[in-house]
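Work from the hints to combine the two standalone chains into their complex.
Protein chains in written order, with our numbering: chain A, 1 to 805; chain B, 806 to 1034.
The reader is advised that the hints may include incorrect statements.
[Stated by the list, open to error] Simulated crosslink set (DSSO-like; lysine-lysine; CA at most 27 angstroms straight-line):
1. A:Lys451 x A:Lys228
2. B:Lys870 x A:Lys683
3. A:Lys573 x A:Lys226
4. A:Lys25 x A:Lys219
5. A:Lys683 x B:Lys960
6. B:Lys844 x A:Lys451
7. B:Lys844 x A:Lys462
Calculated from the structure, these hints are not laboratory results.
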Amino acid sequence: MAKQLPQVFTDWFESRGWAPHRHQKDMLKAGIKGEDCLLIAPTGGGKTLAGFLPSLIDLYRNPIEGLHTLYISPLKALTVDIHRNLTLPVEEMGLNVTIETRTGDTPSHKRQRQRKKPPSILLTTPESFALLLSYTDANKIFGSLKCLIIDELHALTDNKRGDLLALGLARLTSLAPEVRRIGLSATVADPAYLQRWLAPVAGDGEQTTKLIVGKPGPKPKVSILKTKARMPWSGHMALHAVNEIYELVKNAKTAIVFVNTRAQAELVFQDLWSINEDGLSIALHHGSLAPEQRRKVEAAMARGVLQAVVATSSLDLGIDWGNVDLVIQVGAPKGVSRLLQRIGRSNHQFDKSSRAVLVPANRFETLECQAAIDGVKEHTLDDVLERDGGMDVLAQHLIGTACSEAFDADLLYRDISNTAAYAYLSREDFDSILNFVSDGGYALRAYEQYKRLIIDEEGRYKIAHQRFARQYRMNVGTIVEAPTLRVKLGRRTLGEVEESFAQMLEPGDTFIFSGQLLQFKRIREVFLECTSGGSGTPKIPAYGGGRLPLSTHLADRVRSMLQDSDYWRKFPKQVRDWLSAQMEVSVTPNPKTLLIESFPRADREYLVAYCFAGRNAHQTLGMLLTKRMERLGLGPLGFVATDYVIATWSLRAPTEEQLAELFSRDMLGDDLEDWIQDSSLLKRTFRNCAVIAGLIERRHPGEEKSRKQVTVNSDLIYNVLRRHEPEHILLRATWADAAAGLTDVARLSDLLSRYDEKLQFQRLGKVSPMALPILLEIGRESVYGSAHDELLDEGSDDLIAEVMG
Amino acid sequence: MLSGQHFYAHPSGALYWPQKQALIVADLHLEKASHFAAKGQFLPPYDSGETLNKLEAAARFFEAKQIFTLGDSFHDNTALNRMPAIVKTQFSKLLASYRWNWITGNHDEEPEQRGWRQHSVLRFGQVDLRHEALVELPAGVSEISGHYHPKAKVKVRGRTLSRACFIYSQNRLIMPAFGSLTGGLPVIDPAISAFFVDGATTLLLGKENVHRYKLLPSKANASKKGSDA
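Looking at chain B on its own, in the form it has when it is part of the complex (with noise of 0.2 angstroms):
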């Protein structure tokens, strides 16, 4: 709950606000895969078709009339000239099925001709959408950001698991990278945990459900599980 409004975390890394109806994405790198190819490095060129397979599955199960991007959409400025046709045509589907939002992030700040607009930020009553955290949130502010891709170890009965997650506190909500080949960065690195001096609530994405985890403020890298549900 931010700011009054809420929304859902599904486990394909995407987030859902009922009262717009919106599903919100971040991070998809569309891409990435071929922008390593143009170097020398073959990596399996199907993470584009799966990351809006994965878009389209969690679309569907909202039932959502629109979208919005929180940059980093594609992996960089020439990506849609790279993708196949094949893929191609899926995106224009979607594009056509619902209403897109676009924030531009910085793997994707000079787009070549896409024929839609980019915003910087998207401001929903009290609600900031925007690309990357800002340090200090105007009062009353409540932010959706993507960009650090966050992740969390845990450890289990002395097993350590480490996934993506959505990272939030009252005012602040991170979301995982979308994309299917992105990495991440842990939330105890302080470029992230900055953001929640005062502790954070994880959802730790795994194959059917998110798993909720807390993050204390004292300690960056151990806590409790709260007992808000």
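Looking at chain A on its own, in the form it has when it is part of the complex (with noise of 0.2 angstroms):
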């Protein structure tokens, strides 16, 4: 140790009274090595010390000028946070190491400066990456460069902002091929995928990352809220045990109370306010409001000011605040990984156990929880997603590199499909996007005049002019939201709403933002202006996407916690009753087979499938279904999903053939394609991908009152390619990102396989216990039934029909 550590070292940890963890010593043995790393360890444990160390001991041994680490994490306030801690003890030792962050926050003289005289240490994002790698003094900026750390790996692994990073890294593989890359990950399910991802692996096929293990914490203590108030049927919200939560919250030194979506967060934190008779000090915060406001609640967090704050998967990662004791997750925690994730903030000390109180807020919810807990407890986490990289992403980058220098296509092409990302793309895939960047890549060559990539003398590409190096930088990035107006209060922005909230009001309409009660005044520009208070029920803003599906790993859990009644006493009396009462009328699901309940209700005969394959699953199986039961001839009117069931309604009941038939594996063939290259979200998916793409370009601000017109377009580009090119790559780009992420055609198939001939029927009476909550989902949920223009048609019949806008 004393070799590896210099003393200037030592006595700086000694000062502090700490000694180097096992896993920071490793680091460094693996940093004398060079060799690549990925570090596991729980929060709390220094893991980010360990990531520096060896750079730090490097930059004192052997100073070097230019750059020598840089940094990438998902977060922007996670590069603050580590500039603050990083500086202490750099400072403390008197280092001659200069560590600087660089951000879209980030003002233009410096980013100037940075990028003639970078910093020993720079800090910043995935987005940010790839626009330093789009100048042309990339490889000067870069030629220095040893060591490279990415945090919360975990966390960028399976999106598109993961994509993009992949593809910067083997883009460093030519600009700095020496340089060692380390991996900061909180625990995952299988650590060699993120190995693979990290590096690519050496020619025999061996991993060459380093895996380094931190101890683990100890276990934490997780319960589920035992509420004396009768639990709904059905929502998500959990307001019934909002007095409970407060108590909670009250006893606690500080608390991070965890919701599941925005909307929920504003009604959890209104609920908390209206009842604070203490005067609690009680915060909200959310990935719509806006950054200044954020930064504050954090700021707060950080001084240990706050009691309680509300928030959403925005505060998930990264920043430690060593005085929260207590993490309330209101709602399903949907995943085991997330959860833990979760738990994590709290107690930031290492040696000490967090505790968290989990909220379900119905019934079903409140297996998901118990599931969640046996899983925590046994500590069996969620697979790890492997995702291809996006076609989308890589025409991005493509751009990005013709700006930086000329590029060869043959050893662009090597670098990028030995990344694990990119491992699956095809030479003739990747040419296919080279020709989109190009000129677009129609069959019609109607664009040969106006090409953004050339070829010049030695066969290489480069960009056609410098307009499209501008173009590019102004649209790089892989995160694209639905178009949004800004809040505004007086003088304040509040945040944002999604614009199609916004269309819904009407002046004098009331809705809640921000933790406070606003009336709606007009729309001007892209502000909403609104004056506090009014009266009537409020409106709370929605926003799309957000919800996470249940796990496989959890929907397993809660298939064999229901076949087992012993392991009922587990569950509050409450549910308890509900399961009894479900064995009497009819049996609860279990591992082995399907359960389908079928019972007439109000002149409609109803079909309850208990698939527990998640939301996004068990919208595309009722498409489906609704479909096959139309032409059984079944006279289907509807379906509505949740996370664990799907129900149907229509005419006539089916037979128990037909029920097989309708459940039968081969149904993902017939109508699926169809169903979704119409559905509105392979629409939303294909502007999401032309954006990335740079067919279409982002909004920016000034420009801001064309927001429509690139919503509105985006669509029918969609369907005018669609109708003359469904090979296009960008169609075969959207149609991937639709089948891996929204319509879980993957998981929907596995689940049609399990239990290909393992229904189980049964013919009910009546609505069953458990088909009751699905029931009362109808008119919450949207209903999916017949084709738009019918519904169109419909409308017009209607007495009430309106326009909206």
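This is the structure:
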């Protein structure tokens, strides 16, 4: 150890009364050997310091000019936090090391200076990294680079920001082949994937990234809130338990109340304040609030002056607050890994266990909460989703690379297909994307004269005009939000709501945002202007996407619990009674068969299937089922899906034989493609792909007026493209996205093959206790039925049809 | 019915005027995609062909003899030069098959040599055809115009559907954009609703039919279906 750690470092550790953790020493050894490594350690384990220590020592022993270490994190806020935490030891040890952040918030003069004279350590985000790589001096900036640290790696490998980063890493292999890569991650089920993701596997297929695992902290203490209130049958808000949540908050030093959606955050916050007789300082934090607002709350948390903060996943990652001693999860946790991440926000001292209370919003969620607690206890984590890198992101990267330097397509393809994310990519597809980037890649070669990439004398691709480089830099990144309006109260900007919500409001309507009751005045340009107060039932802004589906692992646990009536003792009495009542009229779901109930109700025939495959897969299933029911002449009228079950209603009930036909596994073949291609979901996905791939420009401040054009046009482009070039690379990218995400086709297909010919059919005289919750969701959730045009027709025969906008 | 004349709205977004055997279309925005392509955004180069196919089908459906275009027929002044050869051929055939009457829009004010005359307004009896609606119409005159690309949102059984639409009242009709890559402006936007302070009827374009919804005068974004058919 003494050899590894210079005296000044040893002194510093001693002055703090610390001794380096074992994983910190392991990281040092790996650093000296120059190994790529993945560090997996619980929060509070000195993970960040472990990541930077080898760099600090190297800089102390072998000072160099220029950039030595690049740190990339998914959160801007985290770069600021790390900057603070790292500056302290550097100053205390008197090291000659400069540390700077570079994000979208960094002023342009500072950014320019950073390119000329980079700091020793630069803290940045995937987007800013991509931008740096697009400059013509990228080889100079990164030429001196020795070490790359990626924080919260697990939060990047399953999404497009991660794709962008993976492509950036591929580019580094040619700009700075010697760079050592370090990944920092929370505990995951399958570290091997993260290892592969971080650094390409060697030619002989051997894993080159060393895995270092920190000592796990003490087991967290997690319980389910034993509510005295009557638990609702359906809904996700859990407002029945607000009094009890308040008591928990009151008795904690500082609590984080995690919820699943922004709308839920607003409601819970509002209700907590309405009973806040003790004047507790309770704050609100979610992704749509203005950044200044969020920073204020974060700062107050850091100072320890808040009693509680109601937060969405906006606080899932990163920042360390030592004083949080309780995490309350309101609503179902959806996955064990996510729950652990949230629980980890409490007690950042390594040696103390975290404390968490789960508050289920309905009976099904109680089952899910219990399953999650078992998962936490046994430390069985959700699978890491391996994803094929997006072709739209690759298109963006190709332009970015051409902005920086002329590239050889063969070499670029080699580096890119060496990454785990793009290992799937065929040369043919790569070339299609290259063509798309060059001139749109259409069969009708109409745009030869407008090429963005041209080929130089050496056969390399380079950018045709500098204005395309500017265009690229204005549009970099993979986060495409739905159009939003800024909520203005007087001069203050409170945050953003989706435009579709704003369009629903009429002057005088009230809504809740940023924890306040507001009255809508008008929309002006990009602002939604409002005043305080007002009366009437307030609306709550909803936000697209956002809701995570139930993880496969949790779903399996719920199924097993349900068949084991001995286990039910763990449930609250209300839930036990519910399950017993179910047993009297029907059966409970189990892992071996797929339970389907059918019963008549109010002149309709209902079918309820207990699939537990998550909302997205269920919605796809619902569509396919109703199509088949139509063909069988059952007269389907609609369906509704939750994370747990799917219900359809129709004029006639299927016979048992028809049922087997309805659920047979060949279902995915016939109607799926037609439906998906026509769904608004695919159009939205297409829009995202089109923006990322550079087909449509992002909106920029000052050009906000054209915002409507963007949304509309992407649908039109989609339709035109589908009719003329259904095999176009951008449509294929869209299709791949939709299949993996919102339709969850893979999961549905697993479900259907698993239960092929294993249906358990229960014909009942009336609704069963377990089917009741889903019936109550009808009207609350979107109901799907006839095709759009039939709906239009139906509406115009209706006496209360209305034009909304 | 405007100024005693009957018109038929077609789900393609065209309007047919039987008395004149004329098909009226607005805002074709031909070669919009290639306009974007010149700036480095390669929109699918099929928009002009699609628009012309649609136009041809609608003209054939009504057995029209002439075609009136209400301006913004081309996305910009040099659009015709960019038109792919195959589309140009199709366009020439259409030009030869019908009598065309062109109105100038704000996108095609200074056209390249096209070999035809453009008008700022065409008056047929009591009916004016122009690109952008007049704020004050002369007494007794009706008007058919384009420019605004109206669209409407309706809520049916809890689902919101948005479609391009015709919008009209007693003496005024605004046409939907006919071009295949043209977006829209909601009819409740003051830019459009200001023309219809006493309410209006909208005809939403469906796949096979147009669908009638009323826009009420008092509340711009809520209305009831009228009993007139």
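Here's how the hints hold up against the structure:
1. A:Lys451 x A:Lys228: At roughly 68 angstroms apart (the allowed maximum being 27 angstroms), Lys228 of chain A and Lys451 of chain A break the hint.
2. B:Lys870 x A:Lys683: Measuring from Cα to Cα gives roughly 38 angstroms; hence the hint is violated.
3. A:Lys573 x A:Lys226: At roughly 9 angstroms apart (the allowed maximum being 27 angstroms), Lys226 of chain A and Lys573 of chain A satisfy the hint.
4. A:Lys25 x A:Lys219: Holds - the C-alpha atoms of Lys219 of chain A and Lys25 of chain A are around 24 angstroms apart, at most 27 angstroms.
5. A:Lys683 x B:Lys960: Holds. Lys683 of chain A to Lys960 of chain B sits at ~19 angstroms (cutoff 27 angstroms).
6. B:Lys844 x A:Lys451: Holds, because 10 angstroms separates the two Cα atoms, which is no more than 27 angstroms.
7. B:Lys844 x A:Lys462: It holds: about 17 angstroms lies between the C-alpha atoms, which stays within 27 angstroms.
In the structure shown, a violation is registered for the earlier hints numbered 1, 2, in ascending order.
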